[in-house]
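Just need the whole structure built from these sequences, with the hints factored in.
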Amino acid sequence: MKTLDTLKPGENAVITGINGQNTSLRRRLLDMGLTLNTKVSLVREAPFGDPIELEVRGYSLTIRKSDAQLIEVK
Amino acid sequence: MACQKIALIGNQNSGKTTLFNALTGANQYVGNWPGVTVDKVVGTLKSTDTKVVDLPGLYSLSPYSPEEIVSREYLLSGDYDLIVNVVDAAHLERSLSLTAELLSFNKNIIVALNMMDVAKNNHIEINVNVLEQKLGIKVIPMSASTGDGVQDLVNALNNVPQRQKATIYPQEIKEAVVKIGSYLKDKNDFEKEFISLCLLQNDKVYVHEYMTDELLQVELVKIRAVLEKQYGQDMESKLAGLRYAFVDEAVKASVVKAAANRSKNFSRAVDNIVTNRYLALPIFAVIVYVVYYLAVSTIGTWGTDYANDVIFGEWATNGAAYVLDSISAPEWLSGLIIDGVIGGVGAVLGFVPQMIVLFILLSFLEQCGYMTRVAFVLDRIFRHFGLSGRCFIPMVIASGCAVPAMMASKSIDNINERRITLIATSFIPCSAKLPILAMIAAAFFPDSTIVAPGVYFLAIISVIVTGVILKKESAFKEEVSPFVMELPDYHMPTLGNIARSVYLRCRAFIVKAGTIIFSTVVLVWFLSSFNFTDEGFGMVEVGDSMLAAIGSAIAFIFVPLGFSSWQCAVAIFTGLLAKENVVGTLAVLLGVGADVAEDDATLGVALHGEFSTSAAALSFLAFNLFSTPCIAALGAMKRQLASSKMFSFAIVYLTVWAYVYAFIIYHLGGLIVGQVAFGAGTVVALVLLAAILYLLFRPEKEKPMMGIKVKAV
Chain A
1 MKTLDTLKPG
11 ENAVITGING
21 QNTSLRRRLL
31 DMGLTLNTKV
41 SLVREAPFGD
51 PIELEVRGYS
61 LTIRKSDAQL
71 IEVK
Chain B
1 MACQKIALIG
11 NQNSGKTTLF
21 NALTGANQYV
31 GNWPGVTVDK
41 VVGTLKSTDT
51 KVVDLPGLYS
61 LSPYSPEEIV
71 SREYLLSGDY
81 DLIVNVVDAA
91 HLERSLSLTA
101 ELLSFNKNII
111 VALNMMDVAK
121 NNHIEINVNV
131 LEQKLGIKVI
141 PMSASTGDGV
151 QDLVNALNNV
161 PQRQKATIYP
171 QEIKEAVVKI
181 GSYLKDKNDF
191 EKEFISLCLL
201 QNDKVYVHEY
211 MTDELLQVEL
221 VKIRAVLEKQ
231 YGQDMESKLA
241 GLRYAFVDEA
251 VKASVVKAAA
261 NRSKNFSRAV
271 DNIVTNRYLA
281 LPIFAVIVYV
291 VYYLAVSTIG
301 TWGTDYANDV
311 IFGEWATNGA
321 AYVLDSISAP
331 EWLSGLIIDG
341 VIGGVGAVLG
351 FVPQMIVLFI
361 LLSFLEQCGY
371 MTRVAFVLDR
381 IFRHFGLSGR
391 CFIPMVIASG
401 CAVPAMMASK
411 SIDNINERRI
421 TLIATSFIPC
431 SAKLPILAMI
441 AAAFFPDSTI
451 VAPGVYFLAI
461 ISVIVTGVIL
471 KKESAFKEEV
481 SPFVMELPDY
491 HMPTLGNIAR
501 SVYLRCRAFI
511 VKAGTIIFST
521 VVLVWFLSSF
531 NFTDEGFGMV
541 EVGDSMLAAI
551 GSAIAFIFVP
561 LGFSSWQCAV
571 AIFTGLLAKE
581 NVVGTLAVLL
591 GVGADVAEDD
601 ATLGVALHGE
611 FSTSAAALSF
621 LAFNLFSTPC
631 IAALGAMKRQ
641 LASSKMFSFA
651 IVYLTVWAYV
661 YAFIIYHLGG
671 LIVGQVAFGA
681 GTVVALVLLA
691 AILYLLFRPE
701 KEKPMMGIKV
711 KAV
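Which chain is which? The protein sequence lines are A and B, in order. Going by full-length UniProt numbering, the residue at position 31 of the first sequence is 31; the numbering climbs one at a time, nothing skipped. Going by full-length UniProt numbering, the residue at position 654 of the second sequence is 654; the numbering climbs one at a time, nothing skipped.
Keep in mind that a hint or two might mislead.
Only pairs whose alpha carbons sit at most 25 angstroms apart, straight line, appear in this in silico BS3-like list of lysine-lysine [unchecked claim]:
#: 1; chain 1: B; residue 1: 257; chain 2: A; residue 2: 39
#: 2; chain 1: B; residue 1: 138; chain 2: B; residue 2: 51
#: 3; chain 1: A; residue 1: 39; chain 2: B; residue 2: 252
FYI, nobody ran anything at the bench for these hints, they're computed from the structure.
Right, dumping it as structure tokens:
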């Protein structure tokens with residue numbers, strides 16, 4: 001399963017699943033627009049490699065790589 | 001029907017605060033939502049009696065962070081006539097998700113479509129009528145920062161048209177909601193839809209509330225099973241997907257957008273530099289340096305010194321002295337007015353110039369959007385210490401003065417990080433502590449170059465260790481929003497917003513911190529100037545005062561630290577008022593005189609008589625440097641911690657830490673250089689060291705996955 005944290009800067013993907021049931025993190029990710037079949041692309045990594053900046057639904061979002069691991073993409 | 005109370009709600013970067021300011025002017029009051037450390041901001045609409053409740057900026061109404069829970073509960077209480085949902089016109093796709101959630105409350109709502117000017121700059125055109133149709137509620141286009149459309153909003157408040165029901169959910173979910181709603185006998189009609197949707201999503205607050213309603217639980221399981229099978233995903237994910245599908249449709253129908261998005265491209269370009277692998281940290285260092293330079297080294301300090309030396313030191317003091325002289329006031333009254341009251345007021349207001357400069361700069365950095373980039377860049381390092389990038393700035397400022405540093409920590413959203421920062425920042429040596437360092441260094445380590453860097457090194461260790469230790473404590477694990485943060489487009493903050501932000505923060509400091517500082521200054525003045533003498537109760541020299549008596553009584557506490565004279569105890573006490581006092585008090589009490597330089601030779605001799613070993617002197621230094629900061633900083637800390645329990649904990653923690661540090665330095669340090677013999681003290685010191693290492697390295701308790709929050713909300 002390919003996950004969001006493995007994307008390279010500039011790469012696009014579509015969300016196929018969000019793991020981490022019943023956690024505040026999952027709810028937050030969904031509420032911020034990271035829902036099934038949504039297009040997302042990796043803009044950049046922070047200078048130390050983590051966190052990452054994503055573009056989703058026309059705006060910029062940053063999340064930690066360990067949290068991005070919860071999101072399956074293709 | 002007249003609109004008496006409005007609930008203002010919207011995303012964090014939607015310009016909600018600008019709108020709130022535009023609607024209420026200066027008629028704002030910042031309180032606290034009961035049970036949580038979330039600011040409750042209420043204002044009054046200009047020229048009316050209508051109250052405006054500014055709910056915290058949030059992205060959804062999930063049951064997780066304190067801000068969301070508090071907003072939810074408020075919305076469910078129904079204690080308002082109208083919901084005004086502030087939406088960012090330049091980012092409709094994201095903003096309308098909250099709107100979709102709000103639509104499930106059967107209350108009056110209108111949308112304030114804000115930042116139309118930004119949308120226009122980016123060639124985004126919105127067909128308001130179509131949007132109104134899709135949402136089923138009134139939409140008022142506006143720009144709070146320019147003022148356009150704000151009056152339209154005010155006019156609309158009493159003319160809210162009938163709501164049309166928007167179609168967000170398909171038939172099967174609507175039926176499920178009605179069925180679930182029939183079980184909610186104790187709820188009002190306007191809340192049933194929202195709560196039913198929550199239960200459908202396994203919302204932890206309502207699942208807990210209805211835990212004992214077996215019939216409902218069985219029904220929920222049945223309904224969820226059917227729907228989840230039908231959709232192939234869990235309800236939480238499906239409902240979020242449906243909300244966004246609704247939003248996407250509404251946006252597609254009402255928005256005409258040109259290909260290029262100017263502000264986003266501009267922001268990306270700036271970020272390419274500012275978050276660049278090699279440039280990010282140097283740029284940040286430069287910006288921090290500039291802030292420090294302006295606020296602490298130059299303008300801020302000039303202002304503060306002017307206030308302290310001239311306004312309070314000369315004008316107020318001389319003026320008061322003149323008046324008191326002319327009425328031949330008794331000595332105690334002069335003392336009370338000049339040293340007590342003016343000293344007390346000066347202690348508070350003296351900081352204001354520094355704070356004004358600092359807050360102007362910080363507000364600008366925050367409101368333009370740069371601070372989110374700082375958090376982004378520094379998160380990786382700081383998260384291991386229970387902190388984040390935003391915590392760095394208060395710590396740098398603390399090297400000048402802890403008071404503005406404590407106030408600056410307000411900008412740290414995460415309550416746990418904020419608290420740890422407030423406590424840890426006390427360890428950074430402020431400029432007032434430097435004379436103590438200079439004094440001890442000159443007398444005991446005249447040829448050493450490592451004492452000063454050594455002290456800063458110890459301070460940094462204290463900060464890191466404190467961060468690591470405290471973040472493992474459950475008291476610092478209050479539920480917060482996860483680190484999922486929007487990077488808003490850069491934009492120029494308005495002068496009005498900055499001015500208001502500076503005003504509110506200064507006012508908060510003066511009122512809340514000021515009362516503590518003022519009363520303590522008067523109290524200490526009283527204790528250090530009075531005592532019972534042969535002639536009764538009257539004014540005395542410091543050495544004969546009640547404070548000295550108290551000092552003698554408690555001096556034994558410091559015996560294990562290597563210094564036990566009452567003079568040291570009193571000096572430490574006056575250091576509580578202002579760390580600069582330690583040098584002066586010690587000089588006076590040791591008979592050297594009041595206005596000596598820290599490296600004065602006679603003072604050095606007196607100190608050698610006072611401290612038998614350099615280890616003892618170092619221990620004294622450590623205790624002063626790392627114990628609780630001066631009362632002004634404590635006042636600011638209390639204001640920011642917003643919890644008496646936390647504040648008491650902080651004081652105990654800092655005092656214990658300083659004591660332990662001094663103890664270890666005296667016994668182990670003294671042993672190493674051969675000044676202190678091996679004894680019971682050494683053993684205790686080793687035990688303490690082991691205890692610190694244990695606290696540092698012990699594994700964190702795993703948080704239970706389905707943990708229901710026990711804290712009362």
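Practice task
Check each numbered hint from earlier against the structure, then list the numbers of those it violates in ascending order.
Solution key: Of the numbered hints given earlier, the structure breaks none, since each of them holds.
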